[in-house]
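Just so you know, the protein sequences line up as chains A and B, in that order.
Using our numbering, you'd call the opening residue of the first sequence number 65 and step up by one each time.
Using our numbering, you'd call the opening residue of the second sequence number 65 and step up by one each time.
Derived by calculation from the structure, the hints in this document are not laboratory data.
Any given hint could turn out to be false.
Copies of the same chain look alike in the list, so a pair counts if it works inside one copy or between any two.
As the list claims (entries may be wrong) - Derived EDC-like pairs: lysine to aspartate or glutamate, alpha-carbon spacing no greater than 20 Å straight-line:
#1 Lys202 / Asp227
#2 Lys202 / Glu260
#3 Lys202 / Asp169
#4 Lys202 / Glu185
#5 Lys202 / Asp215
#6 Lys202 / Glu245
#7 Lys202 / Asp223
#8 Lys202 / Asp159
There are 2 protein chains.
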Amino acid sequence: MSSSLARLIQQLSAGFSNQAQAFDNPPLYAHILVKFRPLPQLAPGSLLLEQSYAITPGTPYRIRVLRAEQRDGALIIHNQALRDEQRFWGAIEDDERRQSIGAADLLPLEGCTYLVREMGEGFSGEVEPGCRCLVERKGSLAYLVSSFEIDPRGMRTIDRGHDPATHEQLWGSLAGPFEFERTHDYNGDIPPSWLEN
Amino acid sequence: MSSSLARLIQQLSAGFSNQAQAFDNPPLYAHILVKFRPLPQLAPGSLLLEQSYAITPGTPYRIRVLRAEQRDGALIIHNQALRDEQRFWGAIEDDERRQSIGAADLLPLEGCTYLVREMGEGFSGEVEPGCRCLVERKGSLAYLVSSFEIDPRGMRTIDRGHDPATHEQLWGSLAGPFEFERTHDYNGDIPPSWLEN
Numbered sequence: 065m066s067s068s069l070a071r072l073i074q075q076l077s078a079g080f081s082n083q084a085q086a087f088d089n090p091p092l093y094a095h096i097l098v099k100f101r102p103l104p105q106l107a108p109g110s111l112l113l114e115q116s117y118a119i120t121p122g123t124p125y126r127i128r129v130l131r132a133e134q135r136d137g138a139l140i141i142h143n144q145a146l147r148d149e150q151r152f153w154g155a156i157e158d159d160e161r162r163q164s165i166g167a168a169d170l171l172p173l174e175g176c177t178y179l180v181r182e183m184g185e186g187f188s189g190e191v192e193p194g195c196r197c198l199v200e201r202k203g204s205l206a207y208l209v210s211s212f213e214i215d216p217r218g219m220r221t222i223d224r225g226h227d228p229a230t231h232e233q234l235w236g237s238l239a240g241p242f243e244f245e246r247t248h249d250y251n252g253d254i255p256p257s258w259l260e261n
Numbered sequence: 065m066s067s068s069l070a071r072l073i074q075q076l077s078a079g080f081s082n083q084a085q086a087f088d089n090p091p092l093y094a095h096i097l098v099k100f101r102p103l104p105q106l107a108p109g110s111l112l113l114e115q116s117y118a119i120t121p122g123t124p125y126r127i128r129v130l131r132a133e134q135r136d137g138a139l140i141i142h143n144q145a146l147r148d149e150q151r152f153w154g155a156i157e158d159d160e161r162r163q164s165i166g167a168a169d170l171l172p173l174e175g176c177t178y179l180v181r182e183m184g185e186g187f188s189g190e191v192e193p194g195c196r197c198l199v200e201r202k203g204s205l206a207y208l209v210s211s212f213e214i215d216p217r218g219m220r221t222i223d224r225g226h227d228p229a230t231h232e233q234l235w236g237s238l239a240g241p242f243e244f245e246r247t248h249d250y251n252g253d254i255p256p257s258w259l260e261n
């Protein structure tokens with residue numbers, strides 16, 4: 065693997081919290097936890113993602129398997145859902161259940177791949193163009209406009225939903241991105257083979 | 065007191081939570097708790113207000129003493145801060161500390177009075193016009209545009225900060241109002257004299 069890809073995987077393999085932001089800006093930001101943890105049994109670059117409200121860490125509102133890779137010289141992150149995802153709630157901190165995730169459990173999310181570029185000491189990424197990453201919220205369909213920045217200090221994310229017909233913003237915050245600090249380091253879970261050139 | 069004012073005080077004297085909204089719309093809404101509880105030792109219509117993140121109920125991010133009254137036929141709610149407010153954190157559930165709040169602890173918030181009108185079975189209110197209800201967030205001054213609706217089922221609130229010079233919205237959600245369900249009833253704390261015509 066290239067050193068850029070290795071560095072991206074290393075920076076992602078961590079736990080994050082926006083506690084400081086939430087407490088500095090009540091009540092505008094929910095306090096949320098985001099964790100990315102390597103899945104060595106799957107293709108290189110595969111990371112389990114769990115996002116939850118801090119108040120209910122055992123019932124994540126989003127669980128995915130991401131896969132970072134370099135293709136034609138560019139960094140991308142594939143986005144995959146999990147079949148019957150409730151089976152894997154909490155797997156981020158449960159070695160046995162995390163190791164039980166197999167390739168057959170993954171459902172590729174078309175149109176939801178992140179395009180990533182290096183930026184300073186870190187990376188920035190956004191969902192590929194095309195308005196094809198559709199998400200449903202309360203029965204209404206929106207396409208996701210999502211971006212992130214990550215570096216050795218932390219991570220910033222912003223998610224917005226737009227109307228597929230009018231492109232009007234349907235949901236998401238005007239208050240700006242979620243701002244996360246690092247709380248956990250999962251670099252010890254990365255198989256050495258993933259980091260070789 | 066008029067029956068409208070009595071009804072407003074009765075509908076306000078309660079605890080509220082937006083748990084359902086937060087869990088239905090992750091991660092857009094912080095899960096917050098709002099409680100209004102009568103302060104019989106103060107002027108009629110005085111209610112202690114505490115707002116907190118559900119995850120940290122003991123350290124409210126906002127504590128106020130409101131006072132509902134009828135003036136010239138109109139319903140209004142005065143808005144008052146508390147001197148050294150940390151003394152009263154948690155007083156909403158602590159009878160002794162709640163009863164220790166005296167008139168000398170109150171600081172009127174000029175320009176932040178709510179104008180209230182009856183609406184169906186409930187009431188709606190908004191901060192008086194004039195752009196004078198100034199709040200500071202991270203060193204920047206904004207004027208508050210705040211409104212609420214309350215009825216026997218629940219409460220909806222929306223707060224936004226605007227630039228005093230340009231009137232541009234500085235913070236607040238595009239996602240819409242906080243939507244609260246009732247969790248506590250503090251009508252038993254209302255002195256009967258407050259409800260007489």
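Hint numbers the structure violates, sorted upward? 2, 3, 4, 5 and 8
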